[in-house]
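The residues making up each chain are set out below.
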Amino acid sequence: MTQTQSQSQSGNGQTVDAERAVDASSALSAPTLPLYPATGGFDELIGADGGARPAWTRLRDDLDRYGVAEINRRSEHARRLIRENGVTYNVYGDTGGADRPWPLDALPVVIGADEWTQVAAGISQRARVLDALLVDCYGPQRLLRSGLLPPAAIFPHQHFLRACHGTAVPGGRRLHLYACDLVRDRDGRWQVLADRAQSPGGAGYALENRIVLSRALHEAYRDTHVQRVASFFLALRQTLTNAAPRRRDNPRIVLLTPGPYNEAYFEHTYLARYLGYTLVEGGDLTVRDDTVYLKTLGGLQRVDVILRRQDDDYCDPLELRDDSALGVAGLVQAVRAGNVAVVNSLGSGLAENAALMPLLPAACRELFGEELLLPSTETLWGGDRREDICAQLDSLVIRPAFGGRGEPQLGRALDGRARAALLAQLSVRPHAFVAQRAFDTGTAPVWTGTGLSPQPFTLRAFAVANGDDYVVMPGGYGRTGVAPGLAGGPLCRSAHGHGAAKDVWVLSAGPVAPVTLLRSAGARVEFKRGSSDLPSRVADNFFWLGRYAERTEDTARLLRAIAHRVDDDPDTQGGLERSALMGVVQAVGINDPGASVRTVLARVVRDAELGGSVPHCLRHLRQSAFALRDRLSNDTWRIINQLEQEFAAAAVVESERAHDVQPALNRLITSLAALSGMGHENTTRGPGWRFLDLGRRLERALFTIELLRATLAEPPADLPAEALSLSSVQAAQEAALEAALDVADSAITYRTRYLASLQAPAVLDLLLTDTTNPRSCAYQLAMLLDHVQNLPREEDRALPSAAERLALGAGTWLRLVDPLELCKEDERHGRPALTHFIDHLASDLTLLSDAITTQYLSHAHAARNLTGA
Amino acid sequence: MRYAISHTTVYSYTEPVGVSHNLLHLLPRDTDRQVLESHHLLVEPEPAVSELRRDYFGNQVSVLTIQDKHTRLSITATSTVAISPVQHLDASASWPWEQVRELIARDRGAEALAAAEFAFDSPLVPTAADYAAYAAPAFAPGRPLLDAALDLNQRINLEFQYDPRATSVGTPVAEVMAKRRGVCQDFAQVMIACLRSLGLAARYVSGYLETLPPEGQKKLVGADASHAWVSVWCPPLGWVDLDPTNSCLVGERHITVAHGRDFSDVTPIRGVILGGGHHAVAVAVDVNRIADDALEPI
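Chains as they are written, first to last, in this note's numbering: chain A, 1 to 869; chain B, 870 to 1167.
Because the hints were derived from the structure by calculation, they are not lab data.
Heads up, some of the hints might be wrong.
Said to hold, decoys possible - Facing chain B, from chain A, some residues (calculated, C-beta under 7 Å):
| id | residue |
| --- | --- |
| 1 | P151 |
| 2 | P156 |
| 3 | A329 |
As the list claims (entries may be wrong) - Okay, derived cross-link-like pairs now, DMTMM-like style, lysine to aspartate or glutamate, Cα gap no bigger than 20 Å in a straight line:
| id | chain 1 | residue 1 | chain 2 | residue 2 |
| --- | --- | --- | --- | --- |
| 4 | B | K938 | A | D850 |
| 5 | B | K938 | A | D290 |
| 6 | B | K938 | A | D289 |
| 7 | B | K938 | B | E913 |
A virtual CB, placed ideally from N, CA and C, is assigned to each residue, including glycine.
I would like the entire structure built from these sequences, with the hints used as guidance.
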């Protein structure tokens, strides 16, 4: 349905929009929600007569019934659902708390059934045309010879991947997933701003928007017969299954993501979960015998289909871009050998080509004998319209034809130098540019909190190949206001202001059949328990998350004990304990020789560049957690976010007194306990949890023996040999024992058992050999043994693994040792037997760590590139 | 002329390599004047996957996957080729360069279309006004293309200094252009950038050049090296190969291995490894003339 308006819009779009926003709260007596006046251009809600369009009738009735307060309540409900579901997007490369909450408008955009049928036909036709162009370019190149496709539109395109020419593609298609960014012009005619053929993003957000709004506005959703978006995902799943070169009954399908730093990582994790596929990064896959495998704890598992969400040229460092660390070496060869299907096919990025936009009407006629139903926005390609572009530069937006980094440039906004540079580029490589005219786009209503306001509206629509045609998602991913990197940018003159996401409701001509992938009604769920499918990289990250969480806690406890003694007790005794504790600081690898206790303390608390310092550990803790984002609950993630922020805030308090860092350390230790509690009580006992706990246990065991070494095994420091009177030695030893119990959080237990009498053998028993103390070495080894015995193992392996043998050996040895024997002193009041024992235990623990790494985590290492002459 | 060629590359690693994927452009292709008579590839350790095929540009490419743990990888490609003498080329018989440019832009015949593949910027060779400006003095209006290209070939040879220390495999063309220094790969890519910036078609050719020992001395084993030059589309003469490093037309002593848009299309060995620690690489190339009498049947 289209309409024309004779009124012309005046002035700057934003102020006009603001004036038009109608304040409904001031009209409390009015029974209905006031509409804004006609905008002069096309508006989704307001028709030519100034009233709501027919498609909106039902929704509008419901909104009227709700009233302002209720709409706001539901808007808040939607926001809460989004927060709970963890819907975020982040800006590329921004690692520090980069996740932004997803701004979803409380109102959907409603589109009538008949109108959508036409739009959908246009979308699937465009997909067919672009697919045919790709099939030709990567095959016979008939259209290049016939003159339909200019070589300059294809050959210089960085995504024309020669290595993929002639490779087999599933179902004879190269474009399985297609998306386009649609806008209406002032007259309401839809047109395409850009085609997306690489690995179109946004479908996951569209799904999430739908799930949220269908709950927040559930009566309206029910009353309005809205076509389900799930039909699109069902078709996608079917297409991916059929793409498998073999095992079509149950192929292994993975979703390949560039990783957590990608702006759309949330969507990747969300889609992988929704579709039931394993989320993998390039490093999780390996090619052997021209076949792609997933590296899991249970060994290599063959992969049949890869749904890729990273650009094709980054997919194989061997045959495509060799500077890419994201890819899978040998992938192109595996595709060529017909052993794996990649969707979209490698090389499909060629169709994301603005130079093709003016050619599509002719291509559509030549290929299918049809007129192009859905036009592109007016586009001049430098390859054949260079003179026109140069002549009209001031009224045009120039952008790179082949995508890539170049930002769109508004001709009249260029200064003399930039203009000269652009003209020089246009003279040497005109084919690399297109020019488009800025225009006013149609608008859609946005909820302002008090009423409705018209905002520029763009729609990303999605199509998936299915059989001979494409299935178009009814609706899509709508945006109002600015859509960064998505649709046009400066191309749409009125596209500024606050961006919000929009759910798009397409009405159904008849009753709506319920379709969903979330719960297939009637079908019985297949029960599952922990699996050995865990990618090795994920296990590796869990392992290091455990280690860094423990290391942070140990360091914090140690610092707290030191800070406590520095301030409280400036006499010798405190000094003795302190020197023992400072020994631990050095033993755990924090080296800051020559500095005073105070400066060491300050640095370990604040200096992120000092290896082993608290902020250093926290940073690594966060990095490991970040890599596991799709596997950590929101609660866990919140704790991790708080840890770093709170501690950084608390620790910057500049203070002369070491004492002042204690509250920060206390809070940190409590938060870390919460994190450890999440691991304990809220994580299923799968291999992921085992690796998390393995890391923690190993780290704690290593820390505890270093604590024992510095406090019990070494002779008391800082005392000149000649000054060693028996009482001073005893005082020093007792102080060290006290400190050891304090750091190991076992002082209460000790006092309950032995009252005030501090004796080395009893302390050693509690911290070394007592299997009931969760802080003792023996306890850690018992847990380590349990973990390594329960990790996935190769079938029919009769003998224990190297890791099992080491854990069993060290654990047994530890239980057999006699604390009294270990506590025998030499003439310098050191304990050589204990030192010897600790040396051995430390070496065994290191070997155990290596054995676990070799057996389970060695797959996790990244490939490297070599270029020979 | 017939040649026996041997090209050995040995990688040594400080730590074991678990998996090694390699893509080789080491076996000479056939050309108008060159026939590959025999070839052999010896790889140690034995690869699990070894396949010989043609790439998009018609070059011989081998794909190797070594899946056994190893600390040393040795790849030796040996081949014999026969090269026929160059026909006398009349540079003035090539069409004016502007005419060739128009042909590349407009003609859809098989030959012009094939040339258009090599007329645009490629991964390692950009096009820009600077390169066109550098080439401009040689490209007077109406000048026969080959005549102008030979002029450019000579200018690069004169104005750029051969200096193996100035650049590495990854040095961008713009940097070579600024430094006016480099090796054969750099000169070839500079010349290609110049020609393409004028709208002409130029290919990057990798191969070998037979070297002759100084008078009275014996030729050293393994002393030869890979070489690179430029092929220019000069209708109606076809593709003509020019060697800016030696300021000459390519003759019987140039052995072609592969051609592509730039070095990245025809890298002799591209490899990706898992593991390996530090690595060292040693390359030895021998190009030996097979005496004519060896042809005689016994």
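Cross-check of the supplied hints:
1. Given the 7 Å rule on beta carbons, the hint for A:P151 holds: about 4 Å separates it from the nearest Cβ of chain B.
2. With 7 Å as the threshold, the beta carbon of A:P156 comes within range of chain B, its nearest partner Cβ sitting at about 4 Å, so the hint holds.
3. Among the interface hints, the one on A:A329 holds; its C-beta lies about 4 Å from the nearest C-beta in chain B, closer than the 7 Å criterion.
4. Pair hint B:K938 plus A:D850 holds up; C-alpha atoms about 19 Å apart against a cutoff of 20 Å.
5. As the CA atoms of B:K938 and A:D290 are separated by approximately 18 Å, the hinted pair is consistent with the 20 Å bound.
6. Only pairs whose Cα atoms come within 20 Å are accepted, and B:K938 paired with A:D289 is accepted, the gap being roughly 15 Å.
7. For the suggested pair B:K938 and B:E913, the alpha carbons sit about 11 Å apart, so the restraint of at most 20 Å is met.
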